[in-house]
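For reference, the chains in residue letters:
Number of protein chains: 2
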Amino acid sequence: MNHNEFFAEYIGHISSPRKDMEDDNWGNVVSIIKLDSRFPVSSLKGLEEFSHLEIVFHMNQVDKSKIVTQDRHPRNNQEWPSVGIFSQRAKGRPNAIGVSRCELLEINQSEIKVKSLDAIDKTPILDIKPYVKEFGPIGEVRQPKWIDELMEDYYK
Amino acid sequence: MNHNEFFAEYIGHISSPRKDMEDDNWGNVVSIIKLDSRFPVSSLKGLEEFSHLEIVFHMNQVDKSKIVTQDRHPRNNQEWPSVGIFSQRAKGRPNAIGVSRCELLEINQSEIKVKSLDAIDKTPILDIKPYVKEFGPIGEVRQPKWIDELMEDYYK
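Note that the protein sequences, when read in sequence, are chains A and B.
Those letters in the first sequence? Residues 1 to 156, by full-length UniProt numbering.
Those letters in the second sequence? Residues 1 to 156, by full-length UniProt numbering.
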């Protein structure tokens with residue numbers, strides 16, 4: 001490996017009722033995060049004290065030919081501006097890493113039941129972190145109008 | 001590669017005045033995210049409309065022998081409970097992936113000046129995402145008391 005390469009092993013997988021890549025309506029999706037058996041249950045000790053998690057996952061079912069390295073219209077909607085791939089959260093991005101907050105519902109040994117995780121069935125996981133308030137944005141959040149519109153039905 | 005392995009190429013590096021791993025006082029740290037030259041400047045088009053970014057980075061300067069796969073006392077403080085590595089955001093974690101929000105100050109070609117990014121100099125970057133309000137936690141955030149205490153000076 002040269003000095004610009006990153007190598008990791010998945011720490012688990014997501015089991016979700018959503019089998020296909022769809023853009024919207026993740027709000028009521030309940031899925032299971034299954035930790036790989038090489039980690040003891042103690043690696044999740046105390047997690048139940050957090051209301052939300054931050055999951056880092058690999059969007060490995062995205063067609064590699066669809067990865068964009070410059071700009072494009074989000075969701076190919078010409079009414080929205082063409083913005084850089086690093087200025088949007090589209091899945092067709094270099095390294096195909098997703099980061100999402102979700103609500104923690106229940107933990108059963110090495111299985112974590114969560115709500116509103118926008119990852120499809122069989123998605124491999126790179127990390128599980130507790131969501132910590134103080135790590136949220138400091139100061140007021142500003143974002144463009146196109147993304148307010150794009151997010152309208154996302155968690156409905 | 002087998003089906004449990006993840007491979008990626010860094011998309012850039014962080015240039016920071018902080019050269020050593022320290023736990024606290026990230027609030028006023030100003031650093032530069034340098035995008036790799038293989039990405040055109042258009043990959044960042046429109047990014048200036050966002051106030052905050054979410055940076056995914058590789059904590060590659062963490063000593064591999066310090067990686068924990070079970071539970072431990074955060075910062076080795078015995079007054080805090082021993083919690084699983086996936087129940088804390090410690091750097092000595094499997095895959096050593098960091099995810100942090102920071103404030104966007106200025107963009108100059110392929111260099112992004114940010115504030116409060118808790119990554120040390122030369123840290124390689126895996127992804128840059130705009131922070132989007134709707135992706136924040138849904139509902140009230142609950143977290144244990146030990147992490148309130150741990151975070152007290154983090155962004156001071």
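The set of hints was computed from the structure by calculation and includes no laboratory data.
Check each hint, because a few of them may be wrong.
All copies of an identical chain are treated as equivalent in the list; a pair is satisfied when it fits inside any one copy or across any two copies.
To be verified - Derived lysine-lysine pairs resembling DSSO-like cross-links, with alpha carbons at most 27 Å apart:
hint, residue 1, residue 2
1, Lys145, Lys113
2, Lys145, Lys122
3, Lys113, Lys66
4, Lys156, Lys91
message: With identical chains, the pair Lys145 and Lys113 could be close in the same copy or across copies; at 27 Å between alpha carbons, which is it: within, between, both, or neither?
response: between (33 Å within a copy, 23 Å between copies)
- request: Indicate which option fits the pair Lys156, Lys91 if close means a Cα-Cα distance not exceeding 27 Å: within, between, both or neither.
  value: The answer is within: 19 Å in one copy meets 27 Å, while 34 Å across copies does not.
query: Between the shortest in-copy and the shortest cross-copy C-alpha distance, which are at most 27 Å for Lys145 and Lys122: within, between, both, or neither?
result: neither (33 Å within a copy, 34 Å between copies)
query: How would you label the pair Lys113, Lys66 (within, between, both, or neither) given a Cα cut-off of 27 Å?
result: Neither. Shortest intra-copy (31 Å) and inter-copy (29 Å) distances fail the 27 Å Cα cut-off.
In terms of the numbered hints stated before, the structure departs from hints 2 and 3, listed from lowest to highest.
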